[in-house]
Amino acid sequence: MKTNAETTVGGDKYLNYNCWLVKNLNYAPYRRCQYCRYRFRNCLFLQYQIVSVALAVIILPLFFLVEGKISALAIISVFASITVFGYFFNKSTEKIIKAQFAQEQATQKLKELSDMLEVKVEDQTQDIIAKNARLEKLLQVRSEFLDVASHQLRTPVSMIRGVLSMIRDGDLEHLPRDKQAQFIENAWQKGAKLDIIINDILAASEFDTQTFMVDSHTPAISLEDVVDQVVKGFQLEAERRGIELVWRPPKKRLPRVKGRVNFLEQAISNLISNAFKYTPSTNMVKEARSRRDKKGMVEVTIRQVRQDIVVGVSDNGIGIPKEEIKKLFEKFVRASNATAMYTDGSGLGLFIVREIVEGHHGKVWAESELNKGSTFFISLPIASN
Amino acid sequence: MDTKLTILLIEDDPDQIFLYQSKFELEGFGMLSARYGSEGLKLAREQKPDIILLDLVLIAENGLDVLASMKKDPLVKNIPVMILTNLERDDAKTKAKELGAVDFLTKANMMPSDVVRRIREILKK
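Chains A and B are the protein sequences, given in the same order.
To convert a position in the first sequence, counted from 1, into the numbering used here, add 108.
To convert a position in the second sequence, counted from 1, into the numbering used here, add 452.
Simulated from the structure, these hints should not be mistaken for laboratory data.
Note that beta-carbon positions come from the ideal geometry of N, C-alpha and C, so glycine has one too.
Among the clues, some could well be false.
Claimed, not checked - Cut-off 27 Å, straight-line C-alpha distance, at most; resulting in silico cross-link-like pairs (DSS-like, lysine-lysine):
1) 131(A) / 199(A)
2) 545(B) / 245(A)
3) 217(A) / 206(A)
4) 439(A) / 245(A)
5) 494(B) / 523(B)
6) 287(A) / 523(B)
7) 228(A) / 239(A)
8) 121(A) / 131(A)
9) 523(B) / 576(B)
10) 340(A) / 301(A)
11) 439(A) / 545(B)
12) 547(B) / 245(A)
Said to hold, decoys possible - Covered stretches of chain B (in silico footprint by chain A; criterion: 3 or more residues with CB under 8 Å from a CB of chain A, positions within the stretch not fixed):
13) 458-470
14) 515-527
15) 539-552
16) 555-566
Please model the complete structure; the sequences and the hints are all you need to start from.
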């Protein structure tokens, strides 16, 4: 087994397994070998030995030829030349080997750096791409928002101005009385609608820029009182639409929740007015009504579930395809089966509900069955004392 | 003019149909109206109105698609189509002109009397 120290070039225990000597003796013969990765046949030490032998082979016969014998001087001079040669050889080859090692290390470091740089650049590129995509999405949402918002705002304005212009031009005088009344009523209704749409858009843009949150100063309030008020406000509308609006107050008082009455009122009324919109009624557009004959019913409940107060708003309307429920809380999203119905809302109702409820540390969700109806829930945590 | 000119209005909002229909009838036009693109196309084929007013935002439909299919229909393609909408977008305007709409009116800026004037101008040509 090769240990880590044995394979680390430049380390004390480094063994060059390319080297025949090392492989057989399992030991680096010289310190400088810890920097060397040569095979034995390329070993500079081996070259030194060969040159040394060559020196002996050349010098000794030379002496023999000149002096006729091998004198002590001859042997000493062979040893001396081998020693001098060895000294310079050692010095130069050690430098070469160490320089090679240093270069190798530098190259290695450079490679690591460039790898790291590559990873970094790749990371940053990915980051830029993601940011770009987000920005594009934002721009697209913004332009969608402007498209929808301007269309939704212009529609009631154009109706009101249209009716007023006909009054100014004296056109209305030529119409029968019931038509005149209808004109005024339409303009009036569109005025009310305009007010709602403007409020929704203002609220939504506010939620966009700053998350609305409850804090330690937020008062504890009774959610059932809030619901009670909202439901009362909808009774007339329910009668007008021929929808049965059922409110089941709790038998005993429920614990309070932290919240702001006006925001929670808005959230609950958005849910009830949605329920009205998608529930069969006498005034419903004919294409939706023709699909069903049963009487429209909207039911509002409240109950305590562990540490939460849960408000439910159920209807027996057209329902929502399961995979689309989550998306409905986005801006301007309507379920695919709802686009076949004409509505002139702001497209922001459920988005506003979600922003308000999440700002109250609560949850909002929906359960639904196609053609049976939907229930939207708001759950808010009970205020701690 | 001797014969009564007929307008086909394709518009999803019944309140607006009521508004324009009343105005156009007061001005002596014959009126047809449809709330869906397909219904409008059928009426155009059968009744051959003199001019079509088309909204771009329809129930589950894009008015531009309706316009495109009108211009492909040999029975309908020669009837002038005027866009009457609240969708004021340059790309929609360009696309509508490309598809052959004769005019692009924004409801919030054009009162019913202005619309009548434009219709008369176009039908005179």
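Here is how each hint holds up against the structure:
With a C-alpha separation of about 25 Å, the suggested pair residue 131(A) and residue 199(A) falls inside the 27 Å cut-off, and the hint holds. A threshold of 27 Å between alpha carbons decides the hint, and for residue 545(B) with residue 245(A) the separation of about 24 Å falls inside it, so the pair holds. Restraint check for residue 217(A) and residue 206(A): the C-alpha separation of about 16 Å stays at or below 27 Å, so the hint holds. Between residue 439(A) and residue 245(A) the CA atoms are separated by roughly 13 Å; this keeps the pair inside 27 Å, and the hint holds.
For a cut-off of 27 Å, the pair hint linking residue 494(B) to residue 523(B) stands: about 13 Å separates their Cα positions. Proposed proximity of residue 287(A) and residue 523(B) is contradicted: the alpha carbons are some 35 Å apart, above 27 Å. Proximity of residue 228(A) to residue 239(A) is assessed by CA-CA distance (about 16 Å); at most 27 Å being required, the pair is judged to hold. For the proposed pair residue 121(A) and residue 131(A), the alpha carbon gap of about 14 Å is at most 27 Å, so the pair holds.
Between residue 523(B) and residue 576(B), the direct Cα distance comes to roughly 21 Å. Compliance with the 27 Å bound is thereby established for this hinted pair. With a C-alpha separation of about 20 Å, the suggested pairing of residue 340(A) with residue 301(A) holds against the 27 Å cut-off. A threshold of 27 Å between alpha carbons decides the hint, and for residue 439(A) with residue 545(B) the separation of about 25 Å falls inside it, so the pair holds. For a cut-off of 27 Å, the pair hint linking residue 547(B) to residue 245(A) stands: about 23 Å separates their Cα positions.
Counting residues of the region 458-470 of chain B whose CB lies closer than 8 Å to any CB of chain A gives 6, so the stated coverage by that chain holds, three being the minimum. Chain A is given as covering the region 515-527 of chain B, and this is violated because 0 residues of the stretch bring a CB closer than 8 Å to a CB of that chain, at least three being needed. Check on the region 539-552 of chain B: 3 of its residues sit with their Cβ under 8 Å from a Cβ of chain A, so the three-residue criterion for coverage holds. As drawn, the region 555-566 of chain B meets chain A at 6 residues by the rule of a beta-carbon pair under 8 Å; at three or more, the given contact holds.
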